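K.L.:
Listed here are the chains, written in short residue letters.
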Amino acid sequence: LAKTTQPISMDSYEGQEVNITCSHNNIATNDYITWYQQFPSQGPRFIIQGYKTKVTNEVASLFIPADRKSSTLSLPRVSLSDTAVYYCLVAGDDKIIFGKGTRLHILP
Amino acid sequence: DAEITQSPRHKITETGRQVTLACHQTWNHNNMFWYRQDLGHGLRLIHYSYGVHDTNKGEVSDGYSVSRSNTEDLPLTLESAASSQTSVYFCASSVSGTSGGTGELFFGEGSRLTVL
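Those sequence lines, one after another, are chains A and B. Mapping the first sequence onto our numbering, position 80 (from 1) lands on 80, and the numbers just tick up by one. Mapping the second sequence onto our numbering, position 24 (from 1) lands on 24, and the numbers just tick up by one.
Chain A on its own, in the form it takes in the complex (with noise of 0.2 Å):
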């Protein structure tokens, strides 16, 4: 499974617009790119997934380069209940290994 790496931790202000980028350099050619969401004592939640270029929905974009070895994710004007940890993910199959995430901080 190819392996990511994002930041550890990040901090934006309310009503900003905050990307988390993640390195997934080894990536397959059947892997997607996912992201979850998880809050404290709650499992996490699936926001977004891509294969390639740009995914929006009604909560985030990601954005996937040509070459796929990264990928970022974008929240437009974030909240304080945005706070929480952000994981990025990348599998072929339904075998899905979690990384370390990225802890995102949301100040007033």
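By construction, these hints were calculated from the structure, which means they are not laboratory data. Please read all numbers here as calculations on a predicted model, not as lab measurements. Check the hints yourself; a few may be wrong.
[Said to hold, decoys possible] Using 30 Å as the maximum straight-line C-alpha spacing, the simulated BS3-like pairs for lysine-lysine come out as follows:
1) LYS11(B) x LYS100(A)
2) LYS57(B) x LYS3(A)
3) LYS57(B) x LYS100(A)
4) LYS11(B) x LYS57(B)
5) LYS95(A) x LYS11(B)
6) LYS57(B) x LYS95(A)
7) LYS3(A) x LYS54(A)
8) LYS57(B) x LYS69(A)
Once you have looked at the hints, place chain B on chain A.
P.N.:
Using the frame of chain A, we list chain B on its own:
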């Protein structure tokens, strides 16, 4: 509404005892997973199953076992609990990804296990 439930939510046990954590989902998902979460390690995959009678080892399977006798349940058993197994355990389920990609994981609320 369909859901995934774990029990017990909290348990304290002693070293050497057998412990079983239950996981039940009503989505009729084929795939089920057990993870443990510890500070500094994130979520680590213990065991997983792609269907009835199918079980597979994950990253940290030593000391744990699972069985899948039906679609809805994947109980996790600690044969002889050790202090190193003190953790928060999450169960998850998914359907296989369609049109490529991996299925979305749906997680339970977690079971906090303390081994004294």
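K.L.:
Now look at each hint and say whether the structure bears it out.
P.N.:
The hints, checked one at a time:
{"no.": "1", "hint": "LYS11(B) x LYS100(A)", "in the structure": "25 Å, holds"}
{"no.": "2", "hint": "LYS57(B) x LYS3(A)", "in the structure": "19 Å, holds"}
{"no.": "3", "hint": "LYS57(B) x LYS100(A)", "in the structure": "20 Å, holds"}
{"no.": "4", "hint": "LYS11(B) x LYS57(B)", "in the structure": "24 Å, holds"}
{"no.": "5", "hint": "LYS95(A) x LYS11(B)", "in the structure": "28 Å, holds"}
{"no.": "6", "hint": "LYS57(B) x LYS95(A)", "in the structure": "11 Å, holds"}
{"no.": "7", "hint": "LYS3(A) x LYS54(A)", "in the structure": "21 Å, holds"}
{"no.": "8", "hint": "LYS57(B) x LYS69(A)", "in the structure": "28 Å, holds"}
Violated hints are absent here; each numbered hint is respected by the structure.
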